[in-house]
Amino acid sequence: MSKKSFAEYVANTQVWKSIFRHGPPDNARNRAAVVAGNVFLHLHPIKLKKSGVQLGYTWCMGGLTFFIFLALTITGVLLMFYYRPTAEYAFTDIIALREHVPLGIMRELHRWGAHAMVITVWIHMFRVFMTGSYKPPREFNWGVGVILLTLTLLLSFTGYLLPWDQLAIWAITVGSNMAKATPLLGHGGPGAALAKIGDFVMVSDKNDVRFQLLGGRFVGEAALLRFYILHCVFIPIVVAVLIAVHFWRVRKDGGISAPL
Amino acid sequence: MKELINFLSIPQYAFTSLLILFFIGIKKIDFVGSKKFGKILFWGTIIFFLWAMTDSVFFATISWPDNIPIGILIAIVLWSTWFSIHKAVENDARIAKGEPPIEGTPENREKVWTWPNLVYTELFAIIACTIFLVVWAILFKAPLEEPANPTWAPNPAKAPWYFLGLQEMLVYFDPWLAGVVLPGMIIVGLCAIPYIDINPLGNGYYTFKQRKFAITTFLFGWLVLWIFLIIVGTFLRGPNWTFYGPFEFWDHHKVVAENNINLSEIFWIKLLNVGLPQNIFLREILGILGTIGYFASVPLITKYWGKNYLKRMGNIRYYLMIGLMLVMMSLPIKMYLRWLINLKYIVFMPEFEFNI
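As they're listed, the protein sequences go chains A and B. Numbering of the first sequence is given in the numbering used here, commencing with residue 1336 and proceeding in unit increments. Numbering of the second sequence is given in the numbering used here, commencing with residue 33 and proceeding in unit increments.
There's no promise every hint is true.
Stated by the list, open to error - Only some residues are given here: those of chain B computed to face chain A with a beta carbon under 8 Å:
(1) L105
(2) R141
(3) N235
(4) E290
(5) F327
(6) A328
(7) F384
Unchecked claim - FRET-style restraints, in silico, Cβ to Cβ:
(8) B:L314 <-> A:E1423: 54 to 60 Å
(9) B:N340 <-> A:A1530: 42 to 48 Å
(10) B:I373 <-> A:E1423: 30 to 36 Å
(11) A:A1557 <-> B:L36: 46 to 52 Å
Rather than coming from a laboratory, the hints here were simulated on the basis of the structure. The structure displayed is predicted, hence computed values, not measured ones. By construction, the Cβ of each residue, glycine as well, lies at the ideal position given by its N, Cα and C atoms.
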């Protein structure tokens, strides 16, 4: 059996045909079908302007941000198998991961991927600005993008605590101390001292925003659990929903921007 | 040479030279966007890096695993800025000749099939990105220091690198401004951009001349403020958040005289030679008036600069834009006040934790 006829044979089996309901994408009809009939590819339009596929125009940074997000989800889930978010185990689990998993690079991929995602999302925003792609009708989607950028930073920030080493807790201490200074809502911020009823202090270090964020007055075990859940569950879900909105609106607002 | 670079990296000199370079660059945008400048920038950076890597202090800072992304960021920022300006200058030349921008030529307006044109590009980008990440992950181990110890703080204690611009702002502003209000304003300001910028030109193609003001303002915030402060916060701040040049050893015993004083002290004690008044509002009157005056200067700005913008944009857009720009400019203003007259706070009311 020659190679070509074997490929033809496979493409004619009932199994293959049940998965791919069209022939090879070498003619107009099938090229449309392959994009429209595949749940992942149908994020794309079937045809698009030539300027929009050129790397010199798009830099592919938004797409890579999404790809890195997926890669981080996969490596993150793998890391969750090895990691317990308690003060007792968190650090030793990371050590065990490093010492006992031969050739393991999942933590490295996850950490460097997180840095890379921050960079790609910034450069994506930069490209969108420089091409004026936030202009009508894409104003709203730019706003969604800004929120996604903020959430990317928060994802990276919450993940920074999880190794539970000196680098982690002091970086988060520095960062979360800012919340202490929130006007009116933080006990060290302007206006908090005024929020008093008689001797009763309404905003103190036991109930202000930093306390809510850390689940305590300092970066301790409660903060570790909170950051773990924010990092692994809450923020990723919000991000996933907003990514769906972002992609949907890219299509509905006319696809990748081009001169009007 | 290294001493000279150390000296030039001191924030006040580095920031001033960056400001001057930035505005020269904006004036000579055609040269910045030329291939020649791109080559100079490319080889200049590479030669500088190779030369600087021979220095052990510089090498130790740059090769610390969590600092590597910032090295990559600097390279990408330099490249992406030059490349977008390059494309913009090319398009501006075309537009000046009466041609459409390169993205708008009939050939580029033609529609092509997503399969194979787009999906293959995406596939290659994904593969390249994967290879890059895997090689990075094999070459550099993720850092892990001693186990968390709440009783012993490392010096310096730094936030993750993407927040170091904010941490660097703490030198000039209190946390409620540097850590809460100003970041909030950055997010609000970014979201507001499409509603403020009603210039219909430059939608969907690179251009500079058609959007001079918008691009200059954005690049100023992005390069001169955000990226610059991250670089300073990462590479040039050592123990006690003291300044160290890129080739300077982090000597924990380096002492820097800090005699910053508040505006109220300058006014009442140094100028009038009387004690500070008991009433805190009287004590801080100059700073309060100054701050109010800063934001109340909008009519003056409008009169001498913004009349046409006001007419074109309408009230809400115009005043929102001026407000955001005044907030943005408050950072360099405060930086220069610190460097020129050692000013600590313009308004100092520790009674309410209200310090500006």
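Range first: 42 to 48 Å. Now tell me if the beta carbons of B:N340 and A:A1530 are that far apart. holds (45 Å)
Given the hint of 46 to 52 Å, check if A:A1557 and B:L36 actually sit that far apart at their C-beta atoms. holds (50 Å)
Does 30 to 36 Å hold as the CB distance between B:I373 and A:E1423, or does it fail? violated (52 Å)
Quick check on the hint: B:F384 CB to chain A CB, less than 8 Å? holds (5 Å)
May I ask you to test the interface hint for B:L105 with respect to chain A, counting a Cβ-Cβ separation under 8 Å as satisfied? holds (5 Å)
Evaluation of the interface hint that places B:R141 against chain A, nearest CB under 8 Å: Since the shortest Cβ distance to chain A is 6 Å, the answer is holds.
For the hint on B:N235, just tell me whether its beta-carbon gets within less than 8 Å of chain A. Result: holds, 4 Å to nearest chain A Cβ.
B:L314 paired with A:E1423, Cβ distance criterion 54 to 60 Å: Given about 56 Å between the Cβ atoms, the range holds.
B:E290 as chain A interface residue, shortest Cβ-Cβ below 8 Å: violated (20 Å)
Closest C-beta approach of B:F327 to chain A relative to 8 Å, hint status: Violated, about 17 Å.
Should the interface hint for B:A328 be scored as holding, given a Cβ-Cβ cut-off of 8 Å against chain A? violated (20 Å)
Hint compliance for this structure: hints 4, 5, 6, 10 are broken, all remaining hints hold.
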